[in-house]
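**Student:** Each chain, letter by letter, is given below.
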Amino acid sequence: MLYVKNVSVTRYDDSGKSRKLFSGLDFSLNDGQLAVVLGDSGSGKTTLLDCIAGFIRPSTISSNKILKSYTEFIGNIFIDEQDVTLLEPRHREVGMVMQKFTLYPHMSVKGNLEFPLKMRKVPKELREIKILEVAKKLKIEDEIHKRVETISGGQAQRVAIGKLILREPKVALFDEAFSNLDAPLRKELRNNVINDFLKKDKNCVIFVSHEVKDAMMANIIIVFISPEKSQSGNGTKHEIFTGNSPGEAWEAMRKSNVIEINEYVNTI
Amino acid sequence: MIINLVSKTNSWFSIIPAIIITVFLLLIPWLFVFIESFSNGISGYINIFSDSQFGNSLLLSIEYTLITVIFQILLGTIAAVLVYDNGINTKMLTVALFAPYAIPTIVTVVSWGFLIEDMGLYAYFMNVVFRIPATMWKNELAFLSLCILSIWQFYPFVFISVLAQLRRINPNLYKIAQIDGANFWEQFKIVIFPSIRSTLFAILIVRIAFMFTKFDVAWLFAGKTVVSGVQVLPIYVYNTNSSIGNRSDGAAAAILSALFLAILIVIVFYFKLLLKKIKV
Amino acid sequence: MRNKNIKSFILIPLVVFNLIPFIWLCIGSFLPNTYSDRGISIPTFDRLTFNNYFELSNNLSFFIYLKNTIIVSFFSSFFVTSASTLSAYGLTRFFKRYISISEIFVIFGYLLSPIILVFPYAVILKYLGLMGSLFGLILANTAFCFPFSFFLMLRYMQNISEKYDQSASMDGATWWQTLIYIILPRALPGVVAVSIFSFILAWNDVALSKILANQDTMTLAAGVKEKILDIEQTQYGLFAAASILVTLIAILVFGFMQFWIDERLKKESSSHI
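Protein chains in written order, with the numbering used here: chain S, 34 to 301; chain R, 214 to 493; chain A, 136 to 408.
Because the hints were derived from the structure by calculation, they are not lab data.
You may find that some hints are simply not true.
Just the calculated beta-carbon pair ranges, DEER-fashion [to be verified]:
hint: 1; chain 1: S; residue 1: D116; chain 2: R; residue 2: I476; range: 32 to 38 Å
hint: 2; chain 1: A; residue 1: Q293; chain 2: S; residue 2: D116; range: 32 to 38 Å
hint: 3; chain 1: A; residue 1: S235; chain 2: R; residue 2: I403; range: 53 to 59 Å
hint: 4; chain 1: R; residue 1: K490; chain 2: S; residue 2: I107; range: 54 to 60 Å
hint: 5; chain 1: R; residue 1: K490; chain 2: A; residue 2: D351; range: 53 to 59 Å
hint: 6; chain 1: A; residue 1: S217; chain 2: R; residue 2: I476; range: 29 to 35 Å
hint: 7; chain 1: S; residue 1: Y45; chain 2: A; residue 2: F240; range: 24 to 30 Å
hint: 8; chain 1: R; residue 1: I392; chain 2: S; residue 2: D46; range: 38 to 44 Å
hint: 9; chain 1: R; residue 1: V479; chain 2: S; residue 2: P156; range: 25 to 31 Å
hint: 10; chain 1: A; residue 1: Q293; chain 2: R; residue 2: G458; range: 43 to 49 Å
hint: 11; chain 1: A; residue 1: V151; chain 2: R; residue 2: G458; range: 46 to 52 Å
Don't be surprised by glycine CBs; every beta carbon is placed ideally from N, CA and C.
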């Protein structure tokens with residue numbers, strides 16, 4: 034279970050200008066539920082994931098490498114009722130699949146899958162078993178010994194998902210993970226893999242996307258709306274739509290007054 | 214919370230070796246020389262400034278640095294560009310082109326010495342073809358010989374650095390440029406030059422620093438007979454420090470040579486800024 | 136692209152130009168030690184001899200110097216490489232605020248050439264009782280090579296995406312584990328370049344060795360100069376043989392490493408697409 038309690042993130046840049054990425058974000062996600070985050074690029078979707086993963090924490094100086102910017106985090110995050118706000122990513126039980134960079138290019142598929150197990154200090158024989166299990170489940174057992182550079186995009190993302198599963202997290206984060214795959218593949222991965230995840234393993238899943246259709250399956254939809262070219266402190270607004278069944282949140286979103294969503298909806 | 218603190222302290226470990234090296238192996242000797250140079254009040258500096266040899270050496274060093282650096286960069290870049298799109302046998306070629314840099318200075322200097330002496334290959338060749346007497350290379354033309362030798366020895370540094378940078382260019386950019394109808398020179402301007410520009414600038418600074426302070430080459434070249442045409446600043450510093458004179462003189466010479474190098478580098482940076490402003 | 140003929144037209148003479156001194160020395164090393172053999176004389180087969188090499192292999196000092204040089208080069212390269220890689224990683228991940236300050240320090244480092252370093256080192260090492268020791272030589276060489284190597288590694292580390300660190304963090308790795316398993320393999324070309332650079336610098340050094348080493352700890356380059364070149368009746372054949380050996384070892388080391396970098400770079404560039 035995940036509880037994001039009243040979280041606000043503000044970014045201060047070199048010249049002291051501040052930009053509120055979001056403020057007062059408050060929602061909770063039960064086991065087996067899916068949240069989808071929608072919004073334009075740069076609107077703060079990735080930042081939300083970064084907060085939950087633990088890359089942004091209170092008094093962390095997340096400084097940009099060129100500007101000496103500073104990110105301020107206010108609020109709390111609870112996973113399974115434990116306050117993890119101050120914990121580092123590796124101590125939270127969170128996993129993430131990104132669009133790129135989730136896989137380590139210099140290792141084989143097996144090496145990548147093995148890594149989270151190694152870090153969890155799983156003994157070697159058990160590692161082998163788990164890797165095979167996951168590979169079969171994700172239909173990549175033929176690719177195990179291949180180098181990561183030689184497999185296709187779809188296969189790579191399956192491997193990334195495999196890594197996530199082997200990490201056995203309580204919260205699974207997907208940051209535009211399927212964005213550069215083609216539609217059928219995206220649909221298949223989204224429906225089969227993620228649903229499997231939710232139903233069988235009872236994790237919370239947060240899925241970031243710029244495709245509105247992805248939100249149809251969600252229990253909670255979080256929409257970030259960036260005001261046009263806002264340079265004052267106002268920053269991004271957000272709206273949260275919830276429902277008990279996936280369809281309800283989607284209906285609520287469609288009926289709301291959020292202009293951007295209506296534009297998207299019209300194109301479906 | 215305890216876990217948080219532990220790994221934060223941990224990350225300090227990564228920079229401790231560097232700090233140790235910087236403080237104990239670099240900063241302290243620096244301070245040492247600095248303090249030493251003032252051990253006799255300002256007389257150290259006054260002595261150096263009033264020594265005409267200092268001025269001569271300084272000028273010679275500036276000439277030496279500028280000439281060698283420019284040609285090292287030209288030669289190295291040309292070689293890198295040529296090797297880059299030569300698919301065959303790049304490894305052997307690269308090793309062969311890198312060779313001069315890997316050879317100890319003592320070896321290169323002495324072997325060049327052989328080549329430009331009376332019956333040496335180069336001297337003989339230049340004598341027969343251009344009527345240049347062989348004896349000139351180590352006397353009147355000593356500075357020229359030194360420059361050529363230095364360019365030869367160190368251009369591979371530029372070659373390797375530029376080559377490494379070239380290899381990071383996305384090969385698709387070439388295809389696009391070709392489809393757009395660009396010839397070689399245009400391809401160079403659009404694809405190659407932009408990606409090596411910043412590398413070249415860094416190389417420029419590094420080469421200037423290294424050539425201005427290069428002691429071995431000139432010293433070994435001058436050998437037992439001190440040929441006056443090649444007494445660059447580092448040699449002057451060495452002489453001043455090893456002679457039985459005031460310790461503060463030697464230290465002052467060292468500080469001053471570092472100071473002038475710093476000025477040289479600042480000037481180069483200034484030029485770069487100037488060029489940026491002109492372009493914009 | 137470029138016409139292959141034009142390329143060969145420039146490259147081949149360049150390679151030859153590069154290798155002539157070496158070839159010249161090679162020939163000279165097989166000739167007896169007479170003065171006249173330094174110039175253009177046709178080396179007829181009956182005059183070719185391995186004598187110079189025999190003399191060298193019988194000369195114990197040569198091997199002592201070789202041993203010294205290997206130790207000094209290896210250790211200073213090791214210290215420089217590990218310190219610069221570690222700190223470049225640490226700075227680009229944890230201490231980004233201090234990157235610009237350290238770049239200024241790098242420039243200060245450049246200003247410290249061997250010639251300026253030697254004299255204070257001589258005094259300090261004497262005081263510490265380390266004068267003439269291999270350790271002192273290692274320290275001096277490390278100091279000289281460090282600024283530039285740090286500069287190189289900093290650039291390299293900056294170009295490795297931090298998202299990999301994030302992934303590794305997600306997988307449960309500490310920063311040390313991330314560095315070893317994930318980042319280092321990607322930074323390999325830079326690491327190899329830095330280690331070669333500092334190795335060669337220490338290998339070829341004459342100035343530091345001459346002043347800071349004693350008879351037992353002298354390195355090859357300085358030793359060749361002192362024992363062979365500076366004596367009254369300079370034996371050029373012997374010098375040539377010694378030079379060839381010293382150079383060959385250095386080139387072998389470099390050639391091997393370069394081979395390795397080539398492979399890694401090719402792999403890297405294809406994975407960026």
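**Student:** May I ask you to test the hint 54 to 60 Å on the CB atoms belonging to R/K490 and S/I107?
**Tutor:** violated, 43 Å
**Student:** Does 32 to 38 Å hold as the CB distance between S/D116 and R/I476, or does it fail?
**Tutor:** Taking Cβ atoms as reference, S/D116 and R/I476 lie about 57 Å apart, which means the hint is violated.
**Student:** Go ahead and decide if the range 25 to 31 Å is satisfied by the Cβ distance of R/V479 to S/P156.
**Tutor:** violated, 60 Å
**Student:** For A/V151 and R/G458, compare the CB-CB distance with the range 46 to 52 Å and indicate the outcome.
**Tutor:** Since A/V151 and R/G458 have Cβ atoms about 47 Å apart, the given range 46 to 52 Å holds.
**Student:** How does the Cβ-Cβ distance of S/Y45 and A/F240 compare with 24 to 30 Å: does it lie in that range?
**Tutor:** holds, 27 Å
**Student:** State, for the Cβ atoms of R/K490 and A/D351, whether the hinted interval 53 to 59 Å holds or is violated.
**Tutor:** Taking Cβ atoms as reference, R/K490 and A/D351 lie about 58 Å apart, which means the hint holds.
**Student:** Hint says 32 to 38 Å; check whether the CB-CB distance for A/Q293 and S/D116 agrees.
**Tutor:** The hinted range 32 to 38 Å holds for A/Q293 and S/D116, with Cβ atoms some 35 Å apart.
**Student:** With respect to the beta-carbon atoms only, verify the hint that A/S235 and R/I403 lie 53 to 59 Å apart.
**Tutor:** Violated: the Cβ-Cβ distance is about 31 Å, outside 53 to 59 Å.
**Student:** Regarding R/I392 and S/D46, is the given constraint of 38 to 44 Å on their beta-carbon distance met?
**Tutor:** At roughly 40 Å between Cβ atoms, S/D46 and R/I392 fall inside 38 to 44 Å, so the hint holds.
**Student:** Cβ-Cβ distance between A/S217 and R/I476: within 29 to 35 Å?
**Tutor:** holds, 34 Å
**Student:** Is it true that the C-beta distance of A/Q293 to R/G458 lies inside 43 to 49 Å, as the hint says?
**Tutor:** Distance hint for A/Q293, R/G458 holds at roughly 46 Å.
Hint compliance for this structure: hints 1, 3, 4, 9 are not met, and every other hint is.
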